[in-house]
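Protein chains in written order, with the working numbering: chain A, 1 to 198; chain B, 1 to 151.
None of these hints come from the bench; they were simulated from the model. Some clues are possibly wrong.
Unchecked claim - Calculated cross-link-like contacts (lysine-lysine; reagent style DSS-like; alpha-carbon spacing at most 25 Å): (1) B/Lys100 to B/Lys82; (2) A/Lys61 to A/Lys187; (3) B/Lys60 to B/Lys82; (4) A/Lys187 to B/Lys82; (5) B/Lys49 to A/Lys187; (6) B/Lys100 to B/Lys49.
Stated by the list, open to error - FRET-style restraints, in silico, Cβ to Cβ: (7) A/Leu198 to B/Val120: 43 to 49 Å; (8) A/Arg59 to B/Asn51: 39 to 45 Å; (9) A/Pro124 to B/Leu134: 24 to 30 Å; (10) B/Val120 to A/Leu196: 38 to 44 Å.
Because the structure is a prediction, the values reported are computed rather than measured. Where is the CB? At the ideal position from N, CA and C, for every residue including glycine.
Spelled out, the chains give:
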Amino acid sequence: MSNRALAYVALLLASMVAGLAIFWHPAPAERPLPTPGLPAGGDFTLQSVDGPVSLADFRGKVVLVYFGYTYCPDICPTALITVADALEQLDPVEQERVAVIFVSVDPARDTPERLREYADFFHPRIVGVTGSEEDVEGIAQAYGAFYARQPDMEGGGYVVDHSADIYVVDGDGRVVDKLIHGTIAAKVAQSIRTALRL
Amino acid sequence: MKKSLLLALGLAFSSSALAGASTHVTVADPYVRLSPPSALATAAYMVLKNNGEAGIRLVKASNPLSRTTELHNHFNDNGVMKMRPVAAIDIEPNGETALKPGGLHVMMIGLQTPLREGDVIPITLTFDDGSDMLVNATVVRQGIRPAQRQR
Numbered sequence: 001m002s003n004r005a006l007a008y009v010a011l012l013l014a015s016m017v018a019g020l021a022i023f024w025h026p027a028p029a030e031r032p033l034p035t036p037g038l039p040a041g042g043d044f045t046l047q048s049v050d051g052p053v054s055l056a057d058f059r060g061k062v063v064l065v066y067f068g069y070t071y072c073p074d075i076c077p078t079a080l081i082t083v084a085d086a087l088e089q090l091d092p093v094e095q096e097r098v099a100v101i102f103v104s105v106d107p108a109r110d111t112p113e114r115l116r117e118y119a120d121f122f123h124p125r126i127v128g129v130t131g132s133e134e135d136v137e138g139i140a141q142a143y144g145a146f147y148a149r150q151p152d153m154e155g156g157g158y159v160v161d162h163s164a165d166i167y168v169v170d171g172d173g174r175v176v177d178k179l180i181h182g183t184i185a186a187k188v189a190q191s192i193r194t195a196l197r198l
Numbered sequence: 001m002k003k004s005l006l007l008a009l010g011l012a013f014s015s016s017a018l019a020g021a022s023t024h025v026t027v028a029d030p031y032v033r034l035s036p037p038s039a040l041a042t043a044a045y046m047v048l049k050n051n052g053e054a055g056i057r058l059v060k061a062s063n064p065l066s067r068t069t070e071l072h073n074h075f076n077d078n079g080v081m082k083m084r085p086v087a088a089i090d091i092e093p094n095g096e097t098a099l100k101p102g103g104l105h106v107m108m109i110g111l112q113t114p115l116r117e118g119d120v121i122p123i124t125l126t127f128d129d130g131s132d133m134l135v136n137a138t139v140v141r142q143g144i145r146p147a148q149r150q151r
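So here's chain A without its partners, still in its complex pose:
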């Protein structure tokens, strides 16, 4: 190739670069990329006292998913009080677009009736659900939640070790945030608002 031809090619490339720089302003991506560390999550159907509840029932809403159990004396109440507090920080229009699903990791003891009483105590927007051991295990796995029933205690009953993250699911059913135990209510509310805008 002659020097002349090379010069043309160089000029062409330079003008393309300049043209891109001047005229090409890509719009920022509408949706954030999946954040590493977030579980796949996905749809599920479990039983509430009022019948089956599916994650898919809440398309268009932000859903907080939490795994716990009603005999949980400290961790679950702490998390649900925080969630209730966060809900109250939202305005009524926002609140209408948020649901909370409390998935029991103790199907042996948590009946739908118990779950309703438990969830209602914290906030009317929280729905408690349970299912077969296999169903719950599969859902927990999809969400990266862990739980393990411990041996019976001296005083009777048993505790269930469990991960205590709150999963934030957007209106399309995707997990968009994971809030670790101890996250303050204001941060939970902020995460809900972010998910509402997705």
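Once you have looked at the hints, place chain B on chain A.
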């Protein structure tokens, strides 16, 4: 004989014989968290302050409302919260130990009657030297109250 009796009496009533660890402990903000009506257990929280020069261990707690009372702690094991009984709760000399949600707490297991907001529960704390003290903990509903929901 008379002399030794006097000596024994003197010892018995001397401050060193009466002063247990409990005299060095003050308790701030004791409360019991109101649990849902169906719950069989709840927890009591407080801040234990040791005003003495020696370390003090809380080894036992009891209350008349639950079948058993245990000292518990939570461990965060890679995001998994594990609640376990502990043998004792240490309070450093001139230090304080907070019993709070998600951490150390007094577990009240097997509530015989449902708690109501405002109930006062007498909790007896026993320390490693056998001395004890009574703490009156009020039942508190944490978080939002029903009235606030009706905005």
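25 Å limit on alpha-carbon distance, applied to hinted pair A/Lys187 and B/Lys82: holds, 24 Å
Satisfaction of hint between B/Lys82 and B/Lys60, Cα-Cα up to 25 Å: holds, 20 Å
39 to 45 Å as the expected CB spacing between B/Asn51 and A/Arg59, which holds or is violated: Since the Cβ atoms of A/Arg59 and B/Asn51 sit about 59 Å apart, the hinted range of 39 to 45 Å is violated.
Holds or violated: A/Lys61 to A/Lys187, with C-alpha atoms at most 25 Å apart: holds, 18 Å
Straight-line alpha-carbon gap B/Lys100 to B/Lys82, limit 25 Å: holds, 15 Å
Pairwise hint evaluation, B/Lys49 against B/Lys100, where the allowed Cα distance is 25 Å at most: Holds: B/Lys100 and B/Lys49 sit about 14 Å apart, inside 25 Å.
Range hint 24 to 30 Å (beta carbons of A/Pro124 and B/Leu134) holds or violated: violated, 38 Å
A/Leu198 versus B/Val120 beta-carbon gap, inside 43 to 49 Å or not: With Cβ atoms ~48 Å apart, the hint holds.
Proposed proximity, A/Lys187 with B/Lys49 (alpha carbon, max 25 Å): violated, 32 Å
Range hint compliance [Cβ, B/Val120 to A/Leu196, 38 to 44 Å]: holds, 43 Å
Violation of the numbered hints given earlier is confined to hints 5, 8 and 9; the remaining hints are satisfied by the structure.
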